[in-house]
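Participant: Residue strings, one per chain:
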Amino acid sequence: MKKILEKISFFSEAKRLGIPFWQHPQFLFLVFGILISFAAIFAFWIPQKYLLSPEDSALLSFSVTGILFFFAFLITKSLEKLLKFNQLKNEILNILAHNLSSPVVSLKWLLESLEKKGGKLDSDDFEMFKRGVKNLEEAIDKVILVTGLEKMTIGKRKENFSISKVTEELVSDLKKEIEEKKLKLKIEKWGDDEIFENKKLISWLIKNLLRNAISYSLPENRIFIKTFDKKNRVFFKIEDEGVGIRPEERKGLFQKFFRGESSLKYQIKGMGLGLYASKLIIERAKGKIGYLPKEKGSIFWFSLPKRQ
Amino acid sequence: MKKILFVEDDNILQKAVGEILKKEGFEVISAFDGIGGLELSKREKPDLILLDLILPRLDGFSLLKELREKPETVNIPVLVLTNLEDLESLQRVVELGVKDYLVKSEYSLEEVVKKIKETLK
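These protein sequence lines map, in sequence, to chains U and Y.
Counted from 1, the first sequence has number 289 at position 289 by our numbering; the numbering is strictly sequential.
Counted from 1, the second sequence has number 406 at position 98 by our numbering; the numbering is strictly sequential.
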């Protein structure tokens, strides 16, 4: 009996899939089966008991068929959802595997080329190696972050801090990348930009937006960052003059995975996953995040409740 | 000396692959994005293009299409070096007329160099 019950445990299965139990195909099939049985009895017994006319019997049969079709429709919808979930799961695994394999391959080949050099490393080689390890760490962090955010297991500790101050520290961390591309970066602070939130997550979010702006900027471009307050909210805006985002790719920008002709490149370069994680962070903090197109470049912004 | 254009935005791979190819006696020109790759293809007329598919500004697929449409670049052999393993993407590059494709995670650097030499023969 226990084995049978385990086999029809759509409650736990539905919970795992993140759908209500009444949308689970197994539950719907069960209800469908019960309905068919009743329908068959109903359609046979009622006309006989109440001596219905042939027209009334036909009407009754059609009504019962209609109800059964409706349930069949619900079941197919539910199955479609499951198929989409499976497809998404495979896409997630594909993209996560790529996100992690890419920095590993880079390090592997770097080591091979250093071996061929007779194992003699110069400062440039060390720098490359450090960068490779950092890329790998960041790829793993991103995966952990997205998983943690979805399961709501991270980022519970909050503190007061200024967004512009955090931004200045992060710009300092990314100084090398900024200098390599000879980018001109300006930070402006207007008003009070203090918030009460998890500093680690918000720092990650700002760093992600900064990184994207740097990656997609062309050499000697400018990046403008502005923080300001308005009606109990603090706003952060980052504007670059880079390659921008094509109109067909803007729709799914903050979704976990989206498909456009060249959208795969943004996902795999981490933009898609990073923006999705950014959206999760902001929504948890009861904020808003958005993208505004420009003639040349992009504007990303977010707002959060001001510190009370 | 054979000339190879390496179109790859990963600095680490540029260094690793570039150094080993130079040691093997090739001239290596680097491009870090698709637009740079296209310009250098036209200007330098390399003997081989080593191409990553995931690139900023112009991705590898679009670059391949451009190369195939221009008379000055249509005959330059292209060897794709990619992290993409899905069949759809690999099918696409084959249809765009590449010499071959190599999935990075499946090859050592030595094997990649061997493949490059075979392609150039």
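In case anyone wonders, no lab produced these hints; they're calculated from the structure.
Please note that a few of the clues may not be correct.
Cut-off 30 Å, straight-line C-alpha distance, at most; resulting in silico cross-link-like pairs (DSS-like, lysine-lysine) [what the hints assert, rightly or not]:
#, chain 1, residue 1, chain 2, residue 2
1, U, LYS176, Y, LYS429
2, U, LYS181, Y, LYS373
3, Y, LYS353, U, LYS130
4, Y, LYS373, U, LYS176
5, U, LYS120, Y, LYS423
6, Y, LYS373, U, LYS120
7, U, LYS175, U, LYS189
8, Y, LYS422, U, LYS184
9, U, LYS286, Y, LYS422
10, U, LYS117, Y, LYS378
11, U, LYS108, Y, LYS378
12, U, LYS117, Y, LYS373
13, U, LYS294, U, LYS182
14, U, LYS116, Y, LYS373
15, U, LYS120, Y, LYS353
16, U, LYS117, Y, LYS311
17, U, LYS294, Y, LYS373
18, Y, LYS330, U, LYS81
19, U, LYS142, Y, LYS425
Participant: A separate judgement is required for each hint: does it hold in the structure or not?
Facilitator: Hints and how they fare:
Our distance criterion of 30 Å between C-alpha atoms is broken by LYS176/U and LYS429/Y, whose separation comes to about 41 Å. Annotation: proposed proximity of LYS181/U to LYS373/Y holds, straight-line Cα distance about 28 Å (limit 30 Å). Note on LYS353/Y and LYS130/U: the hinted pairing is violated, with a Cα-Cα distance of about 34 Å set against a maximum of 30 Å. Proximity of LYS373/Y to LYS176/U is assessed by CA-CA distance (about 34 Å); at most 30 Å being required, the pair is judged violated.
Simply put, LYS120/U and LYS423/Y have alpha-carbon atoms about 26 Å apart, close enough for the 30 Å limit, and the pair holds. This hinted pair does not check out: LYS373/Y and LYS120/U have alpha carbons roughly 41 Å apart, beyond 30 Å. Restraint check for LYS175/U and LYS189/U: satisfied, since their Cα atoms lie roughly 20 Å apart, inside the 30 Å limit. Distance restraint check for LYS422/Y and LYS184/U: the Cα-Cα separation of roughly 43 Å exceeds the 30 Å cut-off, and the hinted pair is therefore not satisfied.
As the CA atoms of LYS286/U and LYS422/Y are separated by approximately 55 Å, the hinted pair breaks the 30 Å bound. Of the pairs offered as hints, the one joining LYS117/U and LYS378/Y is violated, with about 39 Å between alpha carbons and a cut-off of 30 Å exceeded. Taken as a hint, the LYS108/U and LYS378/Y pair is broken in the structure, with Cα atoms around 36 Å apart against an allowance of 30 Å. With a C-alpha separation of about 37 Å, the suggested pairing of LYS117/U with LYS373/Y is violated against the 30 Å cut-off.
Annotation: proposed proximity of LYS294/U to LYS182/U holds, straight-line Cα distance about 22 Å (limit 30 Å). Restraint check for LYS116/U and LYS373/Y: not satisfied, since their Cα atoms lie roughly 35 Å apart, outside the 30 Å limit. Of the supplied pair hints, the one linking LYS120/U and LYS353/Y is violated, its CA atoms being roughly 34 Å apart against a limit of 30 Å. At roughly 22 Å between alpha-carbon atoms, LYS117/U and LYS311/Y fall within 30 Å of each other, so this suggested pair holds.
Straight-line distance between C-alpha atoms of LYS294/U and LYS373/Y comes to about 27 Å, which keeps the hinted pair within the 30 Å bound. Of the supplied pair hints, the one linking LYS330/Y and LYS81/U is violated, its CA atoms being roughly 53 Å apart against a limit of 30 Å. In summary, the hint linking LYS142/U to LYS425/Y is not supported, as the alpha carbons are separated by about 38 Å, beyond the 30 Å threshold.
When held up to the earlier numbered hints, the structure conflicts with 1, 3, 4, 6, 8, 9, 10, 11, 12, 14, 15, 18 and 19 and fits the remainder.
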